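Novice: All chains, full assembly: derive it from the sequences and hints.
For reference, the chains in residue letters:
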Amino acid sequence: MNSTLPSLAAHETRADHASAIVHIHALSKTYRVHERPAGLGASLVSLVRRTFKEVRAVSDVTFDIQPGEIVGFLGPNGAGKTTTLKMLAGLLHPTSGDATVMGFSPWRRETDYLRSISLVMGNRNQLNWDIPAMDSFLVNQVIYQIPKREFRETLDELVELLDLGDLLTKPVRGLSLGERMKCELAAALLHRPKVLFLDEPTLGVDVTMQGRIRRFVGDYNRRTGATVLLTSHYMADVTALCKRVVVIHRGRLLYDGDLEALADRIMPFKVIRLDVQEQAAAERLALYGEAVEVTGLKASLRVPRADTPAIVGRILAEVPVLDLTVEDPPIEDVIDLLFNATDSDGSAQS
Amino acid sequence: MNTAPARSWTRYLRMLAVFYRTSIQADMEYRVDFFARVIASLLGLLTTVGSLAIAYGYTDNLKGWTFAQAMVLLAVYYLMDGLIEMFVGPNMRQITSQVREGTLDFILLKPVNAQFMASFRLLNIWRAANALVGLGLSVYTISRLSVTMGWAQAIAFALTLLAGMAIVYAFWLVLVTLTFWFVRVDNIEQIVWQAFETGRYPVEIYPGWLRGTLTYLIPVVFIITVPATALAGRLSGPMLAASLIVAALLVALASAFWRFGLRSYTGASA
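Chains A and B supply the protein sequences, listed in that same order. The working numbering applies: residue -15 is where the first sequence begins, and numbers increase by one. The working numbering applies: residue 30 is where the second sequence begins, and numbers increase by one.
Check before you lean on any hint, since a few could be wrong.
No more than 30 Å apart at the CA atoms, straight line, and that leaves these computed lysine-lysine pairs for DSS-like [claimed, not checked]: (1) A:Lys178 to A:Lys227; (2) B:Lys139 to A:Lys178; (3) B:Lys92 to A:Lys154.
FYI, nobody ran anything at the bench for these hints, they're computed from the structure. Keep in mind the model is a prediction, meaning the values are calculated, not measured.
Specialist: Below is the structure:
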């Protein structure tokens, strides 16, 4: 099964290293976790004698980000995405390796650095629940020393882009999850950060709100030229926003490059969906490619990417077809295949 | 964004103002709490005054303290308790829960001194109840002691109160910093309060070993006895200086420990 997969270079070499706004070089983070077996007896023992296990959360990760880029940062749960973001936002020191953002070492937490970045975490809130979001915004205005006029301008822009309207004057406690996320985003952007780290910004919100937040991130990036590093479990977020993706798995970098090129490499085929006139025709389709699904008068076929035009031509000439569409394989499947391949490879062991 | 940053102390004052304003605003959601506090405070006061009255029923003088003087001590105890619960307690408790929930990250992300923001983010306005009861009792007991309150005396009293608060803050901060290593330390707060409560009575009534502990190891004396002495107009200059020096030293030590803890929290010391 592995032989069908083209081998992946650890990461692509990028010529424009010098112009990058984010440099990450051989970045690694090892956590020392307290290990405790289950059971009361073991718990009592661990009170006196603690055993520790080293967990490599991030291992030798290297990549650059250009100013104004939106990069999708992908990987399954526990891959090391959040740990990497936290190091870049200055919340964690790396165990080894280095990173600079706008020329700063993030973990020094210099005032000038913190003033030009933001980290949004979809599963945590910075807004005070007991007061309206607007009051928390005013606190941020003072903290970030945003001049009054600039604050008003940015706020107006955010209210318009995110459609905040009267949400700002209600206590945050009373807002829906999606509404709260919009306010969280606004709070994180009032100081106009030049680099934005988004960790699952659409987590748990409904599809409409996901679309809205996604469009907002794209708009914000276009308007301000901010650089964005985004993690998400929703591939729709990534396909809509990111031309380039960085994929990590078990702390190691698996892929860095074009999202489309990734699909080409991992799943070098297209999916042809057909509606046919008669049952017999549907059954004959297996001759043209790998039949993924045949139900009644509907069928879908998997065909090699390069041969797609020729095969479509032959089908149209030889089979009575009502409708035909050609699609890329779903990106979820691509990513899934990539992770599974690495797992069975045994090449990325902890 | 490129405007010249305001002078740092005015900037921090402005932050303090906005922190307290939003905090009071949030507290308005829980106004019933205030009356409950006043009642609890008065009840607590009654039982303590009662036990003091019983003790003084047998003697006019308890190890050099008259009943009126002991009442001053009690008044300062209530005042200090109220001030600490207003300014220090809410923040220290918040740090513990923020470490557990991971929201301390939001403080570390801000371009301000993390210790400042963690320590002064909140103010519990309803806890002013205890402070008010304490203040009222202070005024009343002072009037009964027939001491006249001059400016110097008032300033000395305010300074010793501040020093006392700073000492409690320093101890609490050290205990809270332990959260960086041992996430669950909810009950450490009890250590602070148990020590603090001993200050309700004149330190002289305790046996020698405990008195030593309360003076030198946990300087409870500086938290209540010294401000009470200042209020009664009997504070000496050296004692005032000692109180301020001890407070400054302890805050500096606690601050260093906090920075050390933070380094461990972010993995800088690993």
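Novice: Determine which of the earlier numbered hints do not hold for this structure and return their numbers in increasing order.
Specialist: Going through the list in order, the structure violates hint 3 alone and respects the others.
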